[in-house]
Amino acid sequence: MAGVPRVIFTRAPHPDTRSNNQRKSDAKQRPFMIREHDARAIRLSSLPALFFAVAFAGRAAWADGPQGTPSIFAPASTPASNILDLSWFVLAITGGIFVVVGGLLAWAIIRYRERKTDDDSEPAQIYGSTQVELAWTVIPILIVVVLFLTTARIIFAIQDAPRPPAALEVTVVGHQFWWEFRYPKLGIVTANELHVPVSSAQDPRPTYLHLLSADVDHSFWAPQLAGKTDLIPNHPNDTWIDPRHTGLYVGQCAQFCGVEHAMMLLRVYVDTPEQFAAWVKQQQQPGAQDASVAAGRHIFETQACTNCHRIAGTAAAGTFGPDLTHLESRATIAAGAAMNTPKNLHAWIQDPDHLKPGALMPAMQLNDEQIDQLVEYLTTLH
Amino acid sequence: MADQTLPIAGTLDVTPRRHSRAMVLEWLHGWVVTVDHKRLGILYVVYSIFFLLVAGAEALAIRIQLAWPNNHFLSPELYNEMFTMHGTTMVFLVGMPILFGIGNYLVPLMIGARDMAFPRLNAFSFWMTAFGGLLIYYSFIGGFGLYGMGAAPDVGWWAYAPLTAKAFSPGHATDYWALALIVSGFGTLGAAINIIATTLSMRCRGMSLLRMPLFVWLMLVTSGLTLITITPLTAAQIMLTIDRYLGGHFFDTQAGGSAVVWMHFFWIFGHPEVYVLVLPAFGIASEIIPVFSRKAIFGYPAMVAASVGIAFVSLGVWAHHMFTVGMTSVGNAFFVLSTMLVGIPTGIKIFNWVATLWGGKIRFRVPMLFCIAFIFQFLIAGLTGIMLSVAPWDWQLHNSYFVIAHFHYVLVGAIIFNIFAAIYYWYPKVTGKMLSETLGRWHFWLFFIGFHVTFDTMHFVGFLGMPRSIYTYAPDRGWSHLNLVISIGGMIQGIAVLIFAWNLVRSYLRGKEAGNDPWDAWTLEWAVPSPPPVYNFAADPTVYSRRPLWDLKHPEDPDWKYEG
Amino acid sequence: MSAIPISPVAEPWRLPSRGRVAMLSLITGECAIFTIFVVAYIYYIGKSLTGPTPQQVLDVPILNTICLLSSSVTIWLAERQIERGKMRGFAAWWALTIALGAIFIAGTGMEWHKLIYVDGLTIRTNLFGTTFYSLVGLHATHVVVGLIGLSLILIFTLTGHVREEHSERIQVFALYWHFVDAVWVVVFTVVYIVGR
Ligand code: HEA
Ligand code: HEA
Ligand code: CUA
Ligand SMILES: [Cu+2]
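Chains as they are written, first to last, in our numbering: chain A, 1 to 382; chain B, 1001 to 1564; chain C, 2001 to 2196.
To be clear, the hints were calculated from the coordinates, so they are not data collected in a lab.
Mixed in with the good hints, there may be bad ones.
Computed footprint of chain B on chain A; a stretch qualifies when at least three of its residues, placed anywhere within it, have a C-beta under 8 Å from a C-beta of chain B [to be verified]: (1) 106-114; (2) 166-175.
Stretch-level coverage of chain A by chain B, calculated; a stretch enters the list once three of its residues show a Cβ under 8 Å from a Cβ in chain B [stated by the list, open to error]: (3) 129-138; (4) 220-229.
Glycine included, C-beta positions come from ideal geometry on N, C-alpha and C.
With the rest of the complex left out, here is chain A (with noise of 0.2 Å):
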């Protein structure tokens, strides 16, 4: 029992077993510690939070796959576990005062029941007492005032954290129902997958994250680095992370979008700086030019995708669907309702609707041959 708590504390973010070689190399995590207050907070609220490691060790035995779990209970950057603490903090309280008053219901209708023994008459009627009544009154403000003053300090710690010049930035555009990411200082789009470095105390490096939205509303959640934040049409947001720990943390929408607000999903890496240094400057090349699939990319360039989507290096200029400059580069198409797999490719061209239905990308009637070469030209993107 004594190890459990940390069943939930230490659960790293692995990294996806899926993805290309690139990212193997995260696969050698170091599950982080339970920080010192979290350690105390943890006794400070044993009683709920017992509770809550029952139920989580529970659920820690029957999961399928604990590693995607985008739990709130393992954060690693300083939003998240700013919030978590916080967290545990209101739920030993409100623990405590649930133990309290649902003792004294509890006791009430077992000692106040009607026994077999006892005769008709009535009981004592009790009107009401004064006293007492103010006492439950003051109490809970008391209670509400503690509550409200830890609130607010998380509030504006997090809310109003200042900027440091450093800082990378990121522009996010939802869309029905992906992700574009836009690196305005770096020359990058990209789509779905979100790279960002790793930061740590001595080396600082948050990004920042300017919200926006094509359509309709919709909220980043990646609940292991941050709270979400909403991207609402006409009405910019910002929000920031400093992920502590490399690997990949998913998340998704979480603000219902239309259709397939389900498959909204979202993929946050955590690179180290050399690795994300890579990353930067593999997004910054223009589309492969590979003469071998010049048939793929033909059909791509007369297609009506050139409409929606962009290729760098091509006449592709679509801003209506992801840029593919390098969609090999991704581990999943379609904002994660598939992995990017060849196979996947040609299920998707040719009939998105069956992969994600209601996705916004027509079926472009092609045949087989024509999609055989799309895609063979699409995984030379990398």
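Since the structure of chain A is provided, determine the placement of chains B and C with the ligands on it from the hints.
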């Protein structure tokens, strides 16, 4: 007022005796044209129970779809329609009408009046509400959407702009949604005005405001709150309709309109709305708990003040549904504080109920079982509400299953439980027959267990990052087993509800005779026969305390000696 | 069971008029509707992406405003008359009220005609158009409803169906008209003063 049992003027006949066609038609006609508050109350309740089954069936469809990852039971479109219709139906066609129905039936009886202040307005309100319900369900047939066939609204019950704009929601489903809510909104407004006028102007002699039963007080506060919360929704729906039909730009983000303004308008309605639902439920508990503890309610004046306080504070907390839309830190902090403040008057209510139990002789009949479960569940729900009100934590929990768990804990664990309690408690008055206690206990325990299996578990999937409104999820997220458990709980609740429905029908046909006052209770409605005659009271009653029947039963120790 | 014990205090028993309570409730609800529209109007001032702007096209409707506000006085005078049973005086003041309301509506109609056909501002032109026609239109709808009610009462008065004993009901209805006038003060301030 010398006479005590308040003589009868013939009982209300609610069933056709002979089944000739003419008789049935006449009986039906009688119900359709009725302006009697009791019949209208029954109509409201029956209407709502029907929609409870419908929306419950929709919930079960949702649960079947989510029981396994990558399930294909419902298409994404259908799933989105299901949860939108489930939420909309439960709030507007189940919760509000059933509570207004119970209020309609009981308020005049409890204050010793012969009918509502405006009987015809009352009928009008009911039929408006009913028409709204039909309108929204008609969209399944008539609201052809993107796919050229029937399509119900699929934008969520909060219907955030600009998803509701013509560009993103073509077809008519969203129009049906907006129009239905405008129409039923007028019905609700009429009902609220009527209840206010009735409580203020129709009380019998001696029924001063501070002698009204708490249920009446809470209906009064609810109605007052309704006046100023339903109307902003109506206003917002009118704007939406202007956008959709006349090409307006209120919420058109392409033309400078604001999506956030819709959110504010919706939640200025939506938040007080949840208190509109819960306050009558509080009223029900405040009637039942004293009777089955055999004690007067503890701290009556404080209960009244707390209710008014809750209604008042609830007007200033709406943006706690919007902590993630990017308000300023000061704005966020303000709404944190105002939201937490609601806990204080609500706490007073919980403490007073517990104090009413304290020192009583508690009788665990079915209505009381539901009420005790209510206190317990509402305590937890309120505390999870406090967790959500902690803005930074809400940045994590918002739109996750934790929120779904929180509000079902209140909407089901508090409101539906109390509605069941109310039906078990007043069914004898309405029909003259007792509901079966055995079936009632089955119903209670199955529902209680099903409820906890479902909604306790939801909190945890929320912690594990599962967002709401998703029609499916991948197996590697680690949510699969918990979702299966949740779905099983839903099925158990379904069985319980079916037992309940069966109990209603069976007991009506062969239940035990109830008599006037089966629970040995204290408010005026128990002084008249069951079912009550058309004009309720043969002679206008006079009361001298909050518990007129207590005074009657205990002339040696009447209440008015003690009430200040 | 024995008789209900006699209360120690004999209480006088007076209750408010249900009509008045209901009308005040309705007005409360209406206030909430108007508040939402007014807030929307204020929020969107200056947010239109294209013209025309209020400064360019709106004229302050002074005559309208004077008419509508004085109709509150005339209806009050009508109330006084019916209280004293002077039905002819009542009918006269009542008719004058209707006339003033009608002038107001006609004025609004002319204003809209100019806006639509001369300035090309419709409800779909820009945010100003949307919010302007909605708010002013919502108020105008209330005036029209009020006028219909007023006219019906006038007809009933002239046919002798309204008598002195109905003065309570007349006053309840007049509350509505006072409300419509009061709202105009707000709408006027917001649209023609703040928003211009
Ligand atoms: C009847 C319904 C009902 C009721 C009564 C409540 C009551 C409360 N609710 Fe809930 N709520 C909903 C229905 C309800 N809610 C619904 C439907 C939604 C979601 C809508 C949607 O998005 O679709 C929602 C969502 C919701 C949110 C937004 C979550 C999100 O979307 O991110 C928040 C955030 O603050 C919240 C808070 C509260 C609080 C603080 C209370 C308080 O009133 C609770 C007060 C009670 C107590 C605190 C317990 C008793 C008190 C004591 C024992 C005293 C001591 C306690 C203290 C001093 C703390 N609710
Ligand atoms: C009073 C309100 C109320 C009530 C009682 C309920 C009751 C239930 N709700 Fe619901 N719910 C809401 C109000 C309510 N809900 C709201 C407002 C939303 C948000 C909507 C939105 O996001 O837009 C929501 C959303 C919601 C979701 C989230 C959907 C999503 O976001 O994707 C889920 C998921 O599990 C759910 C489940 C349930 C379950 C299992 C019950 C159970 O308690 C139901 C138990 C009842 C039954 C099971 C009935 C049994 C009847 C039969 C079996 C007979 C059928 C026969 C015939 C029709 C003849 N509800
Ligand atoms: Cu994007 Cu939900
Ligand atoms: Cu709320």
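The hints, checked one at a time:
1. 106-114: holds (count 5)
2. 166-175: violated (count 0)
3. 129-138: holds (count 5)
4. 220-229: This one holds; 6 residues, not fewer than the three required, reach chain B with a Cβ under 8 Å.
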